[in-house]
Amino acid sequence: MTLSRDDILNKDDLKTEIVDVPEWGGDVIVLEMTGQDRSDYDDLLMDDKRNNAHIVTGLLVRSCVDSNGQRLFGLDDLDRLAAKSPRPLMKIFDVCRRINGLELPVQLPTASFELAADFSMVLN
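The opening residue of the sequence shown carries number 43 in our numbering; numbering runs sequentially from there.
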(Lines of atoms letter the chains of each structure in order from A and count residues from 1; the text may use other names and numbers.)
(Lines give C-alpha, C1' and ligand atoms only; values in the text may rest on other atoms or scores of the structure.)
Protein backbone atom coordinates (compact mmCIF):
# COMPACT_ATOMS: atom_id res chain seq x y z
CA MET A 1 0.00 0.00 0.00
CA THR A 2 1.30 3.42 -0.93
CA LEU A 3 0.98 5.99 1.84
CA SER A 4 -0.60 9.35 1.24
CA ARG A 5 0.59 12.63 2.68
CA ASP A 6 -2.25 12.53 5.23
CA ASP A 7 -1.42 8.92 6.16
CA ILE A 8 2.12 9.97 7.05
CA LEU A 9 1.35 13.29 8.74
CA ASN A 10 -1.51 11.89 10.82
CA LYS A 11 0.37 8.83 12.07
CA ASP A 12 1.44 8.94 15.72
CA ASP A 13 4.87 7.39 15.21
CA LEU A 14 6.87 8.49 18.26
CA LYS A 15 7.77 5.61 20.59
CA THR A 16 7.59 5.85 24.36
CA GLU A 17 9.15 3.77 27.10
CA ILE A 18 8.77 3.85 30.86
CA VAL A 19 12.00 3.70 32.87
CA ASP A 20 11.99 2.61 36.51
CA VAL A 21 14.25 4.97 38.46
CA PRO A 22 14.32 3.70 42.06
CA GLU A 23 16.97 6.29 42.98
CA TRP A 24 14.33 8.95 42.37
CA GLY A 25 11.41 6.93 43.75
CA GLY A 26 9.40 6.32 40.58
CA ASP A 27 9.22 6.07 36.82
CA VAL A 28 10.27 8.42 34.03
CA ILE A 29 8.57 8.38 30.63
CA VAL A 30 10.94 8.62 27.67
CA LEU A 31 9.48 9.86 24.38
CA GLU A 32 11.26 9.56 21.05
CA MET A 33 12.44 12.95 19.81
CA THR A 34 10.76 14.66 16.88
CA GLY A 35 12.86 15.56 13.85
CA GLN A 36 13.11 19.13 15.16
CA ASP A 37 14.16 17.95 18.63
CA ARG A 38 16.87 15.82 17.04
CA SER A 39 18.18 18.79 15.04
CA ASP A 40 18.19 20.93 18.19
CA TYR A 41 20.08 18.20 20.09
CA ASP A 42 22.64 17.92 17.29
CA ASP A 43 23.09 21.71 17.41
CA LEU A 44 23.70 21.53 21.17
CA LEU A 45 26.40 18.90 20.64
CA MET A 46 28.13 21.05 18.03
CA ASP A 47 28.30 24.01 20.42
CA ASP A 48 31.95 23.71 21.52
CA LYS A 49 31.33 25.29 24.90
CA ARG A 50 28.62 22.87 26.01
CA ASN A 51 28.71 19.62 24.01
CA ASN A 52 30.67 17.58 26.54
CA ALA A 53 28.91 18.92 29.59
CA HIS A 54 25.42 18.38 28.22
CA ILE A 55 25.58 15.27 26.04
CA VAL A 56 23.56 13.31 28.60
CA THR A 57 21.34 16.02 30.04
CA GLY A 58 20.61 17.52 26.61
CA LEU A 59 19.11 14.23 25.48
CA LEU A 60 17.12 13.84 28.70
CA VAL A 61 15.70 17.36 28.37
CA ARG A 62 14.42 16.54 24.90
CA SER A 63 13.12 13.04 25.71
CA CYS A 64 11.65 12.94 29.24
CA VAL A 65 7.94 13.76 29.41
CA ASP A 66 5.10 13.68 31.91
CA SER A 67 1.97 11.54 31.59
CA ASN A 68 0.44 14.19 29.28
CA GLY A 69 3.43 14.10 26.91
CA GLN A 70 4.76 17.48 28.07
CA ARG A 71 8.49 17.88 28.66
CA LEU A 72 9.61 17.44 32.24
CA PHE A 73 12.64 19.68 31.81
CA GLY A 74 13.70 22.76 29.90
CA LEU A 75 17.09 23.94 28.71
CA ASP A 76 17.39 25.93 31.94
CA ASP A 77 17.50 22.58 33.78
CA LEU A 78 20.65 21.28 32.02
CA ASP A 79 23.06 22.21 34.81
CA ARG A 80 20.76 21.08 37.62
CA LEU A 81 20.31 17.70 35.91
CA ALA A 82 24.08 17.43 35.46
CA ALA A 83 24.43 17.78 39.24
CA LYS A 84 22.34 14.63 39.82
CA SER A 85 23.77 11.15 40.42
CA PRO A 86 25.17 9.61 37.22
CA ARG A 87 23.53 6.22 37.86
CA PRO A 88 19.91 7.27 37.13
CA LEU A 89 21.05 9.77 34.50
CA MET A 90 22.86 7.06 32.54
CA LYS A 91 20.00 4.58 32.95
CA ILE A 92 17.60 7.08 31.36
CA PHE A 93 20.21 8.21 28.82
CA ASP A 94 20.65 4.63 27.60
CA VAL A 95 16.89 4.34 26.97
CA CYS A 96 16.80 7.78 25.32
CA ARG A 97 19.71 6.82 23.09
CA ARG A 98 18.15 3.49 22.11
CA ILE A 99 14.63 4.80 21.49
CA ASN A 100 16.07 7.60 19.31
CA GLY A 101 18.37 5.32 17.33
CA LEU A 102 21.56 7.00 18.55
CA GLU A 103 24.53 4.67 18.50
CA LEU A 104 27.74 5.47 20.35
CA PRO A 105 30.33 6.48 19.28
CA VAL A 106 29.42 6.86 15.61
CA GLN A 107 26.86 9.65 15.87
CA LEU A 108 28.33 11.57 18.79
CA PRO A 109 31.57 13.54 19.01
CA THR A 110 34.51 11.53 20.38
CA ALA A 111 35.00 13.75 23.42
CA SER A 112 31.34 13.32 24.28
CA PHE A 113 31.63 9.55 23.97
CA GLU A 114 34.53 9.63 26.41
CA LEU A 115 32.36 11.54 28.87
CA ALA A 116 29.55 9.00 28.45
CA ALA A 117 32.08 6.20 28.92
CA ASP A 118 33.22 7.86 32.16
CA PHE A 119 29.60 7.89 33.34
CA SER A 120 29.22 4.24 32.32
CA MET A 121 32.27 3.21 34.34
CA VAL A 122 30.53 4.53 37.43
CA LEU A 123 27.71 2.08 36.78
CA ASN A 124 29.94 -1.00 36.58
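Since the hints were derived computationally from the structure, they do not count as laboratory data.
Be a bit skeptical, because a hint or two may be false.
Claimed, not checked - Simulated restraints, written as ranges between beta carbons of each label pair:
| id | residue 1 | residue 2 | range |
| --- | --- | --- | --- |
| 1 | S127 | D48 | 17 to 27 Å |
| 2 | D49 | D118 | 36 to 46 Å |
| 3 | I50 | A125 | 14 to 24 Å |
| 4 | D49 | R122 | 38 to 48 Å |
| 5 | G116 | M43 | 36 to 46 Å |
| 6 | M88 | T44 | 11 to 21 Å |
| 7 | G68 | L45 | 34 to 44 Å |
Unchecked claim - Computed cross-link-like contacts, DSBU-like style, restricted to lysine-lysine with a CA-CA straight-line distance of at most 35 Å:
| id | residue 1 | residue 2 |
| --- | --- | --- |
| 8 | K53 | K133 |
| 9 | K126 | K57 |
| 10 | K57 | K133 |
Don't be surprised by glycine CBs; every beta carbon is placed ideally from N, CA and C.
query: Going through the earlier hints one by one, which of them does the structure break, listed in rising order?
result: The structure conflicts with hints 1, 3 and 6, although it agrees with all the remaining ones.
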